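Q: Read off the chains here:
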Amino acid sequence: MSSEVSERVAEPMLVEDWERLTFRVNREAYRSPEIFARERVDVWLRTWLYLGHETEIPDVNDFKVRTIAGRPLIFCRDTEGQVRAWLNSCPHRGTVLCRETEGSQRRFQCFYHAWTFNNDGTVAAIPDDGAYEDIESLQKNMMLRAVPRLEIHEGYVFISFNPDVPPLLEHLGDAADYMTMIEQQHASGVTTLPGVQLYSVRGNWKLAVENAMDGYHFSPTHNTFVGYLRESGFAVTDDNQYAYNLGNGHSLLVLTGHGGRISMVWEPRFGEDERVRTEEHRAEMVERLGEERAHYIADESHILFVFPNLLLFDIEGLSIRQLEPVAPGHTDVRAWQLVPREEHPDSRALRMKTVVSFVGPGGLATPDDIEAYEAVQRGIEATRGAGDLDYSDMSRGMRDEVKGEQGRSIDEGAMRGFWRYWEEAVGGGLAVTGDRPASFLEGRDVR
Amino acid sequence: MTQADVRGSIEVAGRTITRGDIEDFLYAEADILDAWDYDGWFALFEEGARYEVPTTDYRGWSLHTGGSFVDDDYDLIKARVKRLKSRKAHAENPHSRTHRLISNVRLFPGEEEGTLRIRASFVAHRARDGQFDTYVGWYEHVVVPTDAGLKYRLRRTILGHEALPVGARLSFIL
Ligand code: FES
Ligand SMILES: [Fe+2]
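For the protein sequence lines, the chains are A and B, in the order given.
Position one of the first sequence corresponds to residue 0 (numbering that gives the first Met the number 0), numbered consecutively onward.
Position one of the second sequence corresponds to residue 0 (numbering that gives the first Met the number 0), numbered consecutively onward.
Hint data in this document are derived by calculation from the structure and do not stem from the laboratory.
On a predicted model such as this, the values are computed, not experimentally measured, just so you know.
Treat the hints with caution; some may be incorrect.
As the list claims (entries may be wrong) - Derived pair list, reagent style EDC-like, types lysine to aspartate or glutamate, alpha-carbon separation capped at 20 Å:
1) B:K77 / B:D38
2) A:K63 / B:D38
3) A:K63 / A:E18
4) B:K87 / A:E230
5) B:K81 / A:E230
6) A:K139 / A:D77
7) B:K77 / A:E230
8) A:K63 / B:D56
9) A:K63 / A:D119
10) B:K84 / A:E18
11) B:K87 / B:D36
12) B:K150 / B:D56
13) B:K150 / B:E161
14) B:K77 / A:E266
15) A:K139 / A:E150
I would like the entire structure built from these sequences, with the hints used as guidance.
A: Shown next as structure tokens:
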């Protein structure tokens with residue numbers, strides 16, 4: 000690293016001032032290769048990471064190949080039905096073992112010297128193994144390398160490269176129940192579908208997180224989409240929409256005014272038949288879950304961020320979005336649609352259409368989000384090295400925070416929570432002036 | 000759609016449509032799109048038509064049962080056109096410069112009476128924000144000959160990419 004880089008990074012990453020009610024983020028955080036490298040170690044190799052959904056590999060021997068935190072992995076269900084995450088690298092000399100992206104296989108064979116492994120990790124064959132001194136211990140030592148930790152919550156499979164990470168549920172904390180709420184939306188549960196949106200953006204992964212937690216941008220950035228909703232007979236509002244820090248870097252937006260949700264909140268563009276089905280489904284939910292829980296699940300849209308790489312969009316429909324940082328200014332994004340296992344075909348068709356009309360790089364709204372944070376990535380070059388000017392402002396809503404009022408979705412409180420947690424993990428300095436209000440990290444309990 | 004019965008012309012609803020007719024139709028559309036004449040583009044669709052872009056893992060399923068990039072019914076095509084004409088379509092303001100090449104055009108009888116299917120290859124280049132992106136893939140369209148010329152019943156763009164590369168979001172028509 001050049002001395003220029005270390006000097007710049009010596010400025011505090013966050014500057015929080017409770018007298019002037021300002022919160023600022025050092026823009027080096029989005030572009031410094033040094034900070035990116037530090038994130039790899041202090042975030043991505045330390046905590047729990049979202050790997051995939053169990054329903055992506057429903058049957059024994061199913062597998063998907065996926066890179067997480069820059070590491071090629073095999074995500075599979077072995078012949079016994081157990082979900083596994085193997086490093087996709089031959090224990091012999093390191094070759095990528097599985098070069099397909101998905102499929103069904105009991106064994107993985109390395110093409111280089113033809114070593115073969117069962118999908119439970121054991122060695123199936125080492126050709127010409129008579130040349131080794133102690134074949135038994137060789138076979139044991141040459142088992143597939145498992146990702147050190149793997150735990151599943153409501154079908155969401157998480158891994159950690161850190162063997163000493165606390166249990167998954169401890170990490171998920173208050174976020175866990177919002178994942179349960181998604182599973183509870185339908186009596187039959189939910190499942191992922193083929194048709195995965197795979198795309199990359201020219202922006203830092205944290206800009207994608209900020210964008211998802213930023214209700215303030217909705218009206219100006221998505222002006223054309225809001226216009227479309229209005230024309231199709233649906234009122235759009237920013238009222239009664241809140242942001243919550245759920246702890247451990249997780250955050251939540253609760254939205255009530257951003258359009259309808261298939262089988263939850265009807266709107267005119269969905270048509271009469273869907274209105275009837277929505278009402279029936281709602282009655283079934285009340286029966287199954289009680290009025291209050293059904294209300295929290297059905298009447299609000301949620302955008303849940305699970306630190307550091309999972310976003311759950313419970314909006315027009317259900318989408319899982321996974322972030323994979325590749326470089327400071329390059330992020331790979333993967334998005335799956337989650338649907339009820341059992342659903343009327345007309346609702347399903349409507350759901351797929353409605354979801355992608357908004358979400359994804361070909362929708363009527365997400366391209367504007369991507370435009371926004373790619374423009375940030377380009378724009379922040381202007382203040383590089385400019386000391387005090389090289390900060391982004393995230394103060395919006397601090398005034399209400401000191402009054403003890405719940406942060407709104409159109410404020411920046413969820414981002415502040417994310418950044419404080421990030422700073423704790425990555426370091427770089429947090430300069431605080433004045434006293435933080437006692438209430439500033441309040442979560443939300445709907446259990 | 001890789002059939003052996005490729006023909007230079009096809010009989011549809013009592014008319015003879017040649018590969019030249021289809022090529023002219025596709026080339027004219029490419030000009031319309033590269034010139035950002037979105038009203039002109041919308042006029043190429045019959046009422047009730049669809050515009051689809053499946054995801055890169057597409058294996059031929061119905062877009063109504065899986066995820067996709069674009070799954071527009073006629074109303075959504077209309078909304079997309081309206082949006083792209085607006086100065087508030089930030090992802091395309093300023094507009095991208097695009098340049099399309101279309102090749103390997105073939106025609107097949109349509110499944111529905113009075114329709115024909117087109118398969119063609121495309122390469123589209125897009126310049127924007129100092130970046131230059133390339134998109135490649137196939138068209139698998141369904142068109143109907145009408146008195147006002149050929150019209151789309153289905154306009155489907157299938158990407159040849161493993162994933163949309165960095166910066167290559169589909170904010171314009173592909
Ligand atoms: S590297 Fe895989 S068998 Fe040799
Ligand atoms: Fe947005």
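Q: All hints, please: hold or fail.
A: So, going through the hints one by one against the coordinates:
no.: 1; hint: B:K77 / B:D38; in the structure: 9 Å, holds
no.: 2; hint: A:K63 / B:D38; in the structure: 43 Å, violated
no.: 3; hint: A:K63 / A:E18; in the structure: 51 Å, violated
no.: 4; hint: B:K87 / A:E230; in the structure: 16 Å, holds
no.: 5; hint: B:K81 / A:E230; in the structure: 12 Å, holds
no.: 6; hint: A:K139 / A:D77; in the structure: 18 Å, holds
no.: 7; hint: B:K77 / A:E230; in the structure: 12 Å, holds
no.: 8; hint: A:K63 / B:D56; in the structure: 12 Å, holds
no.: 9; hint: A:K63 / A:D119; in the structure: 15 Å, holds
no.: 10; hint: B:K84 / A:E18; in the structure: 46 Å, violated
no.: 11; hint: B:K87 / B:D36; in the structure: 17 Å, holds
no.: 12; hint: B:K150 / B:D56; in the structure: 28 Å, violated
no.: 13; hint: B:K150 / B:E161; in the structure: 30 Å, violated
no.: 14; hint: B:K77 / A:E266; in the structure: 19 Å, holds
no.: 15; hint: A:K139 / A:E150; in the structure: 24 Å, violated
Hints 2, 3, 10, 12, 13 and 15, counting from the list given before, are not met by this structure.
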